[in-house]
Every structure is written in structure tokens, then in C-alpha cells.
Amino acid sequence: MSKPSLPQGTRDFGPETVRKRNYILHTIKNVFELYGFQPLETPAMENLETLMGKYGEEGDKLIFKILNNGLNDPKNLDKAHTGFKNIIEGKNDRNFTERALRYDLTIPFARYVAMNHGLLTFPFKRYQVQPVWRADRPQRGRYREFYQCDADV
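In terms of our numbering, the sequence shown is residues 13 to 165.
Quick caveat, the hints were computed from the structure, so don't treat them as lab data.
Fair warning: there could be bad hints in the mix.
[Said to hold, decoys possible] With a Cα cut of at most 20 Å, we get these calculated EDC-like pairs of lysine to aspartate or glutamate: (1) K73 to E61; (2) K137 to E45; (3) K73 to E45; (4) K41 to E110; (5) K137 to E53; (6) K41 to D164; (7) K77 to E157; (8) K73 to D164; (9) K66 to D148; (10) K97 to E69; (11) K41 to D116; (12) K97 to E110; (13) K137 to D164; (14) K73 to E53; (15) K66 to D24; (16) K73 to D116; (17) K137 to D162; (18) K32 to E157; (19) K66 to E110; (20) K97 to E61; (21) K15 to E28; (22) K66 to D164; (23) K137 to E61; (24) K97 to D72; (25) K41 to D148; (26) K77 to D164; (27) K41 to E58; (28) K137 to D116; (29) K77 to E45; (30) K77 to D116.
[As the list claims (entries may be wrong)] Per label pair, the in silico range of CB-to-CB distance: (31) L79 to M13: 32 to 42 Å; (32) E157 to E70: 14 to 24 Å; (33) K32 to P55: 20 to 30 Å; (34) P135 to N42: 31 to 41 Å; (35) E157 to E28: 32 to 42 Å; (36) T94 to E28: 44 to 54 Å; (37) P51 to V30: 15 to 25 Å; (38) P51 to F25: 14 to 24 Å; (39) T22 to K66: 37 to 47 Å; (40) G48 to Q20: 39 to 49 Å.
Quick reminder that beta carbons are idealized off the backbone N, C-alpha and C, glycines included.
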């Protein structure tokens with residue numbers, strides 16, 4: 013049996029670190045709210061079509077794609093094989109993947125505004141502090157999962 017481990021490019025935070033991070037995040041959020049910014053949260057996953065093409069060719073390669081459900085079903089084997097081949101060749105295949113983890117907070121925010129513009133009062137001042145993911149090669153100080161903080165008007 014193998015030893016428990018983390019996926020490369022991720023990390024755990026123990027209680028002391030979490031307390032310190034929470035204090036810092038609480039301070040940041042309080043300052044944003046002092047200036048009239050409202051908190052916003054968006055889902056960790058977005059539709060792939062929402063994200064693709066927004067970051068340029070290199071950025072699109074760093075998007076973590078999520079496999080569709082049911083690909084391990086024997087009746088879907090051909091679909092899975094074709095989809096995997098297309099992904100390897102750099103093509104998108106809706107039969108293989110339709111969703112992805114958010115790469116940043118900007119595109120999900122734009123999607124939120126587009127979907128809710130009739131309900132928002134403009135100028136809409138928002139802040140967002142949430143994790144994002146990049147399918148990048150982990151290096152010292154560079155992680156696949158990290159927190160991003162955005163504020164937009």
C-alpha cells in the first residue's frame with residue numbers, strides 16, 4: 013500500500029497557518045467593504061466554453077478540464093477513446109469534457125454579470141477571494157491551486 017500524498021502542486025495548511033490566513037483575508041475583506049465593494053463567489057467549475065479562448069493559446073493549455081460522467085461505462089468506450097485522442101491533439105470534444113476548473117476569477121465574474129445584469133446596480137463594485145487552478149508545471153513557489161483576490165468596478 014502506498015503512502016498518502018498530495019497531488020503535485022498542492023499543499024495542506026495546518027491550524028496555525030489557517031488562522032493567520034483567515035486574519036489576513038478578514039482584514040482585506042473589511043477594507044474592500046469599507047470602500048463599498050460587495051462580496052461575490054462563483055463556482056469552482058465553469059462550462060468549458062465559458063473559459064476557452066479567453067486566455068490565449070498558452071493560457072487555454074493551462075485550464076484543468078473535468079471529464080464527463082459515464083466515460084468508464086463500456087458502452088461509451090469508443091466515445092471516450094475518440095475524445096481522449098481529440099484532447100491530446102489540442103481539440104475540444106464535448107463528448108469527453110464540458111466543464112473545467114476556473115483558471116482565474118475574471119471570466120467567471122464576467123459570466124456572472126452577463127447572467128445577472130438586470131438584477132445589478134451599476135456601478136457594481138465587487139471583490140472575490142477564492143481558489144483558482146492552473147494545469148501548470150509546479151515549481152518552487154508556483155502551485156497548481158492557489159487563492160486569487162480580485163476587486164472590480
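Exercise for the section: List, from low to high, the hint numbers that the structure doesn't satisfy. Expected result: 3, 4, 8, 14, 15, 21, 23, 25, 26, 27, 29, 31, 34, 35, 39
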